[in-house]
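As you go down the protein sequences, you meet chains B and R in turn. Read in order, the letters of the first sequence correspond to residues 8 to 235 in this note's numbering. Read in order, the letters of the second sequence correspond to residues 18 to 406 in this note's numbering.
Derived by calculation from the structure, the hints in this document are not laboratory data. Just so it is clear, the structure is predicted and the values come from calculations on it, not from any experiment. Mixed in with the good hints there might be a few duds.
The following residues of chain R were derived to be distant from chain B, with all beta-carbon distances above 12 Å [to be verified]:
1) 92
2) 334
3) 345
4) 377
5) 391
6) 395
Here are the computed lysine-lysine pairs in the DSS-like style, where the Cα-Cα straight-line distance is at most 30 Å [to be verified]:
7) 194(B) <-> 133(R)
8) 91(R) <-> 171(B)
9) 348(R) <-> 264(R)
10) 171(B) <-> 133(R)
11) 296(R) <-> 395(R)
12) 384(R) <-> 334(R)
13) 171(B) <-> 348(R)
14) 334(R) <-> 394(R)
15) 95(R) <-> 177(R)
16) 264(R) <-> 343(R)
17) 296(R) <-> 348(R)
18) 384(R) <-> 19(R)
19) 334(R) <-> 348(R)
20) 85(B) <-> 133(R)
21) 395(R) <-> 384(R)
22) 91(R) <-> 85(B)
23) 393(R) <-> 177(R)
24) 171(B) <-> 85(B)
Okay, the calculated bits of chain R under chain B, using three or more residues with CB under 8 Å as the criterion [said to hold, decoys possible]:
25) 51–62
26) 117–124
Just so it is clear, CB atoms sit at the ideal spot from N, CA and C, and this is done for glycine as well.
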Amino acid sequence: MGPTERLLSAAGGALLTYYGLRKRATAGPLGTGLAVLGGSLVLRGATGYCPVNQLVGRNSASSATRPIEIVQTFTINKAVGEVYDFWRRLENLPRFMQHLESVEQLDARRSRWKAAIPGGMGTVEWEAEIVTDEPNLLLAWQSLPDSQVDNAGEVRFTEAPGDKGTEVQAVIHYRAPAGGLGQGLAKLLTPALAEMVRSDLRRFKQLLEAGEIATIQGQPSGRGHDKG
Amino acid sequence: MKALCWVGTNHLNVERVPDPEIINPQDAIVRVILSCVCGSDLHLLDGYVPTMREGDIIGHEFMGEVVETGPNVKRFRKGDRVIVGSILGCGDCWFCQQNAWSLCDNSNPHAALAEKTYGYSPAGIFGYSHAFGGYAGSHAELIRVPFADKTMIQIPEGVKDESALFVSDAFPTGFMAADMADIAPGDVVVVWGCGGVGQMAIRSAFLLGASRVIAIDRFPERLEMARTHGRAETLNYTEVDILEALKEMTGGRGPDRCIDAVGMEAHTTGPEHYYDLVKQQLRLETDRPAVLRQAILACRKGGTVSIVGVYSGYIDKVPMGAAMNKGLTLKMGQQHPQKYMPRLLEYVQRGDVDPAYILTHRWPLDKGPEGYQMFKKKTDECIRVVFAP
Chain B
8 MGPTERLLSA AGGALLTYYG LRKRATAGPL GTGLAVLGGS LVLRGATGYC PVNQLVGRNS
68 ASSATRPIEI VQTFTINKAV GEVYDFWRRL ENLPRFMQHL ESVEQLDARR SRWKAAIPGG
128 MGTVEWEAEI VTDEPNLLLA WQSLPDSQVD NAGEVRFTEA PGDKGTEVQA VIHYRAPAGG
188 LGQGLAKLLT PALAEMVRSD LRRFKQLLEA GEIATIQGQP SGRGHDKG
Chain R
18 MKALCWVGTN HLNVERVPDP EIINPQDAIV RVILSCVCGS DLHLLDGYVP TMREGDIIGH
78 EFMGEVVETG PNVKRFRKGD RVIVGSILGC GDCWFCQQNA WSLCDNSNPH AALAEKTYGY
138 SPAGIFGYSH AFGGYAGSHA ELIRVPFADK TMIQIPEGVK DESALFVSDA FPTGFMAADM
198 ADIAPGDVVV VWGCGGVGQM AIRSAFLLGA SRVIAIDRFP ERLEMARTHG RAETLNYTEV
258 DILEALKEMT GGRGPDRCID AVGMEAHTTG PEHYYDLVKQ QLRLETDRPA VLRQAILACR
318 KGGTVSIVGV YSGYIDKVPM GAAMNKGLTL KMGQQHPQKY MPRLLEYVQR GDVDPAYILT
378 HRWPLDKGPE GYQMFKKKTD ECIRVVFAP
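Please model the entire structure based on the sequences and the hints provided.
Structure, rendered in structure tokens:
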């Protein structure tokens with residue numbers, strides 16, 4: 008692995024783990040009870056671990072439920088190289104991933120990520136690495152085995168037809184904990200996770216195209232200052 | 018600062034709110050000099066546009082003076098007198114680069130909300146519900162203008178405030194209606210609705226080569242304005258059968274281009290109006306499309322129906338068979354201010370068009386709620402109320 012690839016590995020792994028974290032965070036809006044449940048489940052690594060390469064090949068977990076797949080795609084009006092390069096620079100990711108606080112390079116391959124848990128529940132940290140890197144085409148990543156939150160995913164970069172820029176497709180896989188409770192929870196959380204992946208991808212697009220992310224947070228209204 | 022806030026259906030209030038601040042690097046803060054009501058605000062007022070929240074500042078057509086600029090605003094500085102387009106565009110997405118600014122991918126902070134209703138999100142609009150971004154509107158002393166370099170245009174010396182104002186929204190909306198209609202020299206154009214946008218559509222149709230414009234409304238003062246300022250022939254739909262009259266006036270061919278400058282709260286005569294009103298009240302349809310139906314039926318074979326009157330949701334009993342079998346072209350959309358403002362400001366500067374005539378009332382912002390009531394009920398021959406905060 009060259010340095011670039013290692014860097015990419017770290018970035019991708021962090022991203023994936025980050026989504027695992029944020030999936031837990033969505034429990035908040037779904038209700039306090041669910042938030043507590045979701046939080047405790049995640050602390051047990053309940054989001055499940057399902058690397059892409061394992062998805063189709065083997066099913067190692069004896070009591071595993073069916074893996075959940077989140078797919079979100081945006082077209083970004085920039086050349087493939089520019090889009091890929093922006094993503095691969097670790098320090099850029101917190102700029103469009105909400106709740107992400109910092110990314111720290113551990114070595115050429117691995118990185119340590121820190122994110123705020125929504126609702127003031129503190130922060131969580133984890134480590135990640137990349138499993139596939141094809142420049143200007145594909146990044147696939149997974150969290151390191153010891154991480155609090157386990158997950159896997161990939162981002163594909165494809166030139167859009169008609170000079171419309173680059174199609175960016177994010178695919179996130181996770182496995183819910185076994186049993187009825189886990190499956191029920193997964194059912195509840197999946198739409199929220201999809202929304203979050205979509206929201207972060209949209210912010211990525213806005214940042215790359217417009218140079219800023221549209222917001223009304225902090226503007227005045229009859230309610231005082233808007234929270235967004 | 019003072020601002021006119023939406024409190025609930027048919028309820029507006031002037032309230033004290035915090036001053037706006039620069040939030041994004043391309044923002045500017047503008048002191049509002051003139052801010053105008055718009056027929057599309059009535060849909061908010063009447064409760065037909067969902068995702069309004071209590072306390073939202075409304076208003077989207079305005080001009081003013083720059084008081085502060087963000088670090089990435091390059092074309093403007095403090096003291097500049099500017100027209101601000103009502104619809105926001107980033108300038109860098111594919112749509113903005115196609116000059117289709119109201120389809121901007123990046124200016125709506127609540128794009129996910131709009132996608133639930135429309136599949137894909139249109140651009141953000143000032144003061145026009147949270148599905149369109151939830152941006153604070155212009156009926157206030159100060160306003161934050163995102164993407165300021167793209168959204169604003171400098172007002173040249175010698176152009177009066179009230180002439181520049183309508184280049185923000187009414188003029189480009191009317192102009193885009195005529196532009197979308199694909200008017201060929203000699204065409205007969207019909208404009209439904211003689212409010213501010215309709216009046217501007219009449220002028221624009223002539224600018225783009227129409228030989229005759231026929232304007233339709235029910236208020237005598239609006240028809241009078243269409244005749245005197247617009248050189249239009251006029252029809253009062255409460256007095257004549259529109260389809261018969263248009264056929265008669267066009268040698269039995271039907272008008273070439275039909276413009277709907279009314280939209281979702283159309284009035285008509287007879288049972289059709291009550292049919293739509295009841296269905297709308299029961300929420301069985303969200304919009305009353307009487308004008309659209311009539312425009313499709315009236316239009317000549319192979320003609321164009323151009324729609325700038327705002328629709329929000331679902332409509333009923335649209336004569337699709339007539340549209341299909343007559344080979345009509347239907348075009349529609351929210352206006353693209355950034356595309357049209359420079360050209361229209363030139364018309365104003367040269368004196369070809371002075372839109373100031375649609376301004377019938379100039380009131381202080383404190384009278385905002387009364388202003389909207391007058392505008393809604395069209396009392397005192399009101400065409401447009403403009404607030405001077």
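For each hint, the structure was consulted:
No beta-carbon of chain B is positioned within 12 Å of the beta-carbon of residue 92(R); the least distance is around 15 Å. No beta-carbon of chain B is positioned within 12 Å of the beta-carbon of residue 334(R); the least distance is around 35 Å. Distance check for residue 345(R) against chain B: the nearest CB is about 27 Å away, which clears 12 Å, and the non-interface claim stands. With a least beta-carbon separation of about 28 Å from chain B, residue 377(R) lies farther than 12 Å from that chain, consistent with its non-interface assignment.
For residue 391(R), the shortest C-beta to C-beta distance to chain B comes to about 22 Å, beyond the 12 Å cut-off, and the non-interface label holds. At roughly 27 Å from the closest C-beta of chain B, the C-beta of residue 395(R) stays outside 12 Å, upholding its exclusion from the interface. This hinted pair checks out: residue 194(B) and residue 133(R) have alpha carbons roughly 20 Å apart, not beyond 30 Å. Taking the CA atoms of residue 91(R) and residue 171(B), the gap is about 27 Å. The hint holds against a cut of 30 Å.
For the given pair, residue 348(R) sits about 22 Å from residue 264(R) by alpha-carbon distance, which is consistent with the 30 Å threshold. With a CA separation close to 24 Å, the supplied pair residue 171(B) and residue 133(R) stays within the 30 Å bound. Under the criterion of a C-alpha separation no larger than 30 Å, the hint pairing residue 296(R) with residue 395(R) is consistent with the structure, at around 24 Å. For the proposed pair residue 384(R) and residue 334(R), the alpha carbon gap of about 39 Å is over 30 Å, so the pair is violated.
Annotation: proposed proximity of residue 171(B) to residue 348(R) holds, straight-line Cα distance about 23 Å (limit 30 Å). Annotation: proposed proximity of residue 334(R) to residue 394(R) holds, straight-line Cα distance about 27 Å (limit 30 Å). At roughly 19 Å between alpha-carbon atoms, residue 95(R) and residue 177(R) fall within 30 Å of each other, so this suggested pair holds. A C-alpha spacing of about 15 Å is found between residue 264(R) and residue 343(R), which places the hinted pair at or below 30 Å, so the restraint holds.
For the given pair, residue 296(R) sits about 26 Å from residue 348(R) by alpha-carbon distance, which is consistent with the 30 Å threshold. Of the pairs offered as hints, the one joining residue 384(R) and residue 19(R) holds, with about 12 Å between alpha carbons and a cut-off of 30 Å not exceeded. At roughly 19 Å between alpha-carbon atoms, residue 334(R) and residue 348(R) fall within 30 Å of each other, so this suggested pair holds. For the suggested pair residue 85(B) and residue 133(R), the alpha carbons sit about 26 Å apart, so the restraint of at most 30 Å is met.
For the hint linking residue 395(R) to residue 384(R), the alpha-carbon distance of about 16 Å falls within 30 Å, and the restraint holds. Restraint check for residue 91(R) and residue 85(B): satisfied, since their Cα atoms lie roughly 23 Å apart, inside the 30 Å limit. A threshold of 30 Å between alpha carbons decides the hint, and for residue 393(R) with residue 177(R) the separation of about 27 Å falls inside it, so the pair holds. Proximity of residue 171(B) to residue 85(B) is assessed by CA-CA distance (about 8 Å); at most 30 Å being required, the pair is judged to hold.
With a threshold of 8 Å between beta carbons, the proposed coverage of the region 51–62 of chain R by chain B is violated, since 0 of its residues qualify and at least three are required. Three residues within the 8 Å Cβ limit are the bar, and the region 117–124 of chain R against chain B gives 3, so the coverage statement holds.
Hint violations for this structure: numbers 12, 25, all remaining hints satisfied.
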